[in-house]
Amino acid sequence: MYKIIYNKKISETSMEIALEARNIIDNAYPGQFVMIMTKEDSERIPLTIYDYDKKKGILYLIYQILGASTLELSMEKDSLFSVSGPFGKINEICKNIDEYKNKKIVYVAGGVGIAPIYPQIKYLHDFGLSCDVIYGARNADLLLIKDKIENVAHNVYYCTDDGSFGEQGFVTNILEKKHDYDVVVAIGPVVMMKNVCDVTKKYQIPTIVSMNPIMVDGSGMCGACRCIVDGKVKFACIDGPEFDGHKIDFDLALKRMNIYKKEEQKKLIAMQESLEVK
Amino acid sequence: MEDKKTVMRMQDKDKRIKNFQEVELGYNEEEALREASRCLQCTNPRCVKGCPVNIMIPLFIKHIKEKEWEKAYQVIQESSFLPAICGRVCPQEMQCEKMCVKGFKGDAISIGALERFVADMHNSIEPKKEIIKNNGKKVAIVGSGPAGLSCAGILASNGFEVTIYEVLHRPGGVLTYGIPEFRLPKKIVEKEIENLKRKKVEIKCDMPVGNAITLSDLQKEYDYIFLGTGAGVPKFMGIPNESANEVFSANEILTRINLMGAYQENSKTPIKEAKTVYVIGGGNVAMDAARSLKRLGMNVHLMYRRGKDELPARKVEVIHALEEGIIFDLLQNPLEILTDENNSVTGMKVINMEYQEEIVGQRRSVQEVKGTEHNVSCDMVVMALGTNPNHEALKMSDIKLDDRGLIMVDDGLTSIPNVYAGGDAVTGAATVILAMEAGKKAAYEIIKRCK
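Going down the list, the protein sequences come from chains D and U.
Residues in the first sequence are numbered from 0 upward in steps of one, following numbering that gives the first Met the number 0.
Residues in the second sequence are numbered from 0 upward in steps of one, following numbering that gives the first Met the number 0.
One thing to keep in mind: the hints can contain errors.
BS3-like, lysine-lysine: derived pairs with alpha carbons at most 30 Å apart [unchecked claim]:
id	chain 1	residue 1	chain 2	residue 2
1	U	Lys17	D	Lys260
2	D	Lys233	U	Lys203
3	U	Lys137	U	Lys399
4	U	Lys4	U	Lys48
Not the full set, but computed from the structure, chain U residues with beta-carbon under 8 Å of chain D [as the list claims (entries may be wrong)]:
id	residue
5	Met206
6	Ser248
7	Glu251
8	Met259
9	Lys267
10	Glu391
No wet-lab data here; the hints were simulated from the structure.
We treat Cβ as the ideally placed atom computed from N, Cα and C, and that holds for glycine.
Looking at chain D on its own, in the form it has when it is part of the complex:
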């Protein structure tokens, strides 16, 4: 059991959870993810690490309430049954800081994609690299952890679909105007990462994206998370989750997100009904 320190709402659709998870923390680095189960009979779901306190052994995650499993997670106040990890490769830039010392780096975040980006810019900041951030969401309420980002980033450019904060428009609009970067890291919805890559391809800027496909075990055993990268089958859990964005088959990734759509809808309705009964 992993004790929950808090599990709180941070926007209309997002929650932040802090957990005692010493087993994860000691060797956790930016870019990696964990697998969690709320209860013994819950689904295993992957969440990318948002923050950690190695001294205290505390793991922080941000998640969106999207289906039955995240709804169940959002209601848990005491403890989680299982938290395993870290899984996946460490972010390429954080791993090879020396190679990126003199590069101009921009992080492009969409919605909750800001959560996995934060530990990367914080880590780089601690090593003296300052990065820019372009951060977009549907509206002002959905722009998360702005203060924390501003503390560790160089310039932060905001945009919202409705113009309620920052520029009105998409992250790609800003990127089109400011494309004098040596490397881009884009994390967010698949469509957003695809659009960012379309822009960076045009300007030939190397781009790293973080994939978040369906997973079961997270350790390379099931193959549910396979992506096509440069024409080859890769497992996001062990070969990723970060890949060269110019080589990912995004259209396929988008379609594969829908594999269990029908089944998941049923589970969500069942869970909502059981909540109403209670």
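Chain U: place on chain D using the hints.
Relative to chain D, chain U alone:
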């Protein structure tokens, strides 16, 4: 003396395809005695040579005849660490029972069924308290499948302080996530794990070695390490459209069903709904996936590129699959997955296969029959083609691997001092009993080193 074997009672086939309860019901005392009485007690027993771990089969059967169940169990336990499991999942017809002299003229003795009976009798009694003196040596075991469990059990009984690291939330490895409930009830696996805990073995779940803790971290903390990390990542065929939405690895299907309980109505882990599924492959994993999906109400085909006699699965699993209405499409192979605009499976393009001329001493190979391409329709495909090695646990280590990527060992010892390995990570996908034997051998090597 009766020459026909005592057939194990089974769940009726029409009933069992609607549930996940165990298919074979085991012997009762009377049946076990009847079957044991058929054993000739050969002075030079061939069955023992056929057993990968050389269980003294005639001796344990002799104890059954004398109704000395616990004595029979002790005989098996001397050679095998997981009798209740091996009695259920060993391919006996290729091992002990194949060698039995009774088999020349009639039915071989049902050694597997007797082993299972003895183990189940043992498990039904309250375990004795073992008093073990700690020898001060610490061992870390990576992976809690059959290799890790047997290594842990033997070392713990010999006074070692053993800690098992398991990446999943539940221990047991393939016994838990892979082999279905209807073939190996999970309570039997849990019993083995309880036995280990009683011997003070600590099991740390949720721990991906290589990530949460590296091999070199473990080396600092433990005197010895045993790697029983298992078979690895599922193979795919490399045919067009294989990343279609309803193409799954058998591992994924089995993990969802067995580990996550997706066969239960109120399960929170979904399993894809489908009408017609093709399982590709002919091994035990293919049979397990096919029979599991049948129980979820699907129309199940099993496609294998070779003929019936060459299906690598246990014979009894093939028989059960046929009884349960799995349709076998043999000497056929998929060429392409057919999909619609949503990336959903609509069928497969398939080709017939034929045997090439036999070359003495070699397994006959098969080749495509030109001009026999045809389409089949289905809405799910499951690939049960074996695995490639998974090196996650070995991250940051320079352990020596062979050209197939398997861990190289010499008497169980890897290229790193005091680090042993065994099971599928060393041999590639094999059987539970061979993994168990490898774990046992490594344990005895470690014990020898400490003397």
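Those earlier numbered hints the structure runs against, lowest number first: none
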